[in-house]
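Asks: Take a look at the letters that make up each chain.
2 protein chains.
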Amino acid sequence: MTSNPSYAIGIDFGGTSVKLARVLPDGTIAARAVFDTTPGVESWLDAVEAALVPLRQGAEGECIGVGVGVPGFVDFDRGFIHDLTNVPGWTAVPLAEKIRARFGLPAVIENDVNAMAAGECAFGAGKGLKNAVFITLGTGVGGGILIDGKIYRGAFSMAGELGHVSIDKDGIASPMGFGGVEQYVGNAKIAAYALSRIDAGEDGAAILRQAGGRRGAVTPKAVALAAQEGDPLAKSVFDHVADCLATMIASVSYVLQPEAFIIGGGVSNAGDILFAPLNAHLERRLSAHFFPRLKILRAALGNDAGVIGCAALASHLA
Amino acid sequence: MTSNPSYAIGIDFGGTSVKLARVLPDGTIAARAVFDTTPGVESWLDAVEAALVPLRQGAEGECIGVGVGVPGFVDFDRGFIHDLTNVPGWTAVPLAEKIRARFGLPAVIENDVNAMAAGECAFGAGKGLKNAVFITLGTGVGGGILIDGKIYRGAFSMAGELGHVSIDKDGIASPMGFGGVEQYVGNAKIAAYALSRIDAGEDGAAILRQAGGRRGAVTPKAVALAAQEGDPLAKSVFDHVADCLATMIASVSYVLQPEAFIIGGGVSNAGDILFAPLNAHLERRLSAHFFPRLKILRAALGNDAGVIGCAALASHLA
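Chains D and Z are the protein sequences, given in the same order. When we follow numbering that gives the first Met the number 0, the leftmost residue of the first sequence carries the number 0, and every step to the right adds one. When we follow numbering that gives the first Met the number 0, the leftmost residue of the second sequence carries the number 0, and every step to the right adds one.
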């Protein structure tokens, strides 16, 4: 990298911790830092300032800028945070301006899932793709859309809310409508679905054993482990999850026809237990014009997608 | 227009007739021509050649180019027709090349619904919008997507197939999947739904009267006329149609967050009978972040959207 001695700082602002990384132009992480999330804006900036000292130690070249991925609604163009989910004291914060004033560095502020999408598309599973959709499976279902090599944000920076795409017009209600896919495949929903099948009389021994015998400890991971052992109920639960996801992915394919969907997040760690039935259901749900042209990829950057993506955005790479 | 004496030719290639127009830079139509659709490519080019003579008579300035909107799958970048729906003899046709060779004019070839979307967004209801979604309601449900002022075509020129967006993962089957919205709101589906409610014992007198007493003549228009008279069943049928559409529109909103949806096609002629319940269902189906920021507009160009849009595409205006 001596021919291009520059770097960007990526900051992945999570509900419990804030992860920072110094990221080189090829997407590799040269140094890391982390601190616990605290409520106020000024104390957050203090903690960033402290973390930047070891992070920049020994760095060659200049810092291009800072990218921050946050859990909430932002105005990307203005570098402005409208509101954060589950982090008090972060309403109407002009964070890019504050970072520039305090550190003398240009900054971009992005929604956390868009930041992960930017990372995967710049340096991960979607490297080289022009049109792709990133999906993260966890508590909810998040999405980030890449169009023509750039993150697509829509008219008011809120595009890509894939978790609210309806898979059943008369389905489960939420403040976002009816039948949103995350009402079926969010972490807690998968666990509740597995337990409801056990309660209805199906054999849940393998799932409960993976959960240490405690109903409250049934998670998608416990179900996936049981499925990997061949447990029929656990496999059927993941088939249901895959089918719900396939319904949403097929709908989004008909709208956007991306080159690929890139799927990450905890539930995707189930691997073939999820991806094999997902492909089978997609073939059933997509026409012969669409299915053979669509790639389903597993995210490649894991928990680093956020910091790498923030750095990519700060470097105008996505 | 003396300061910019130029024009484009728009050709709306339909299954039964081919409509041509000479379109000025402000989107107005200066002259029209039409001929019946015939099967072969060469006879089609002969008919276009004949139609161009009166069409260009008296035209000022030079012809910028020709845009053709066709009912089928195209490769926009190559000006190539893969296949047309319901028009024999049009497989693998390099039409842009043929038009250039025959008439010495640059040509663009587009899917008919994308052409209408281009027309509405360049000169119709969506004038001035950067991100919008056009929906046409007829035999099926077609869609065209405008992103950043340009028609978005996806990875293989097939994006915008809104009719196949699922509103029910276990819904009506078709070769495109399960529960595609056009399985509920296509012309014949609306008529069949109305008749099924009559067969189930509801009072269909007003609808059947509008259909001249013949079950086979029940159409969305007949139902709309009955609804305009206040018939409860007819109003309920349109409420159902509006709710199915709202489910799809809400899903697409969560994906793309366009500034507006522009709705055209025969079923949209029902006017308030459709649009009033559509807005009510959208409010129910969209979060408070999305609903107040979304406009639902009625298409403004009617049957001219196609030729005007083709001319806009030939002029690189969409």
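Hints are computed from structural coordinates only; laboratory data are not their basis. Treat the hints with care, as some may be off.
[As the list claims (entries may be wrong)] Just some of the chain D residues that point at chain Z, by a computed CB distance under 8 Å:
| no. | residue |
| --- | --- |
| 1 | Y151 |
| 2 | H239 |
| 3 | D242 |
| 4 | V251 |
Glycine residues also receive a C-beta, built at the ideal position from the N, C-alpha and C atoms.
Asks: For each hint given before, does the structure comply? Return the numbers of the non-compliant ones in rising order.
Replies: 2
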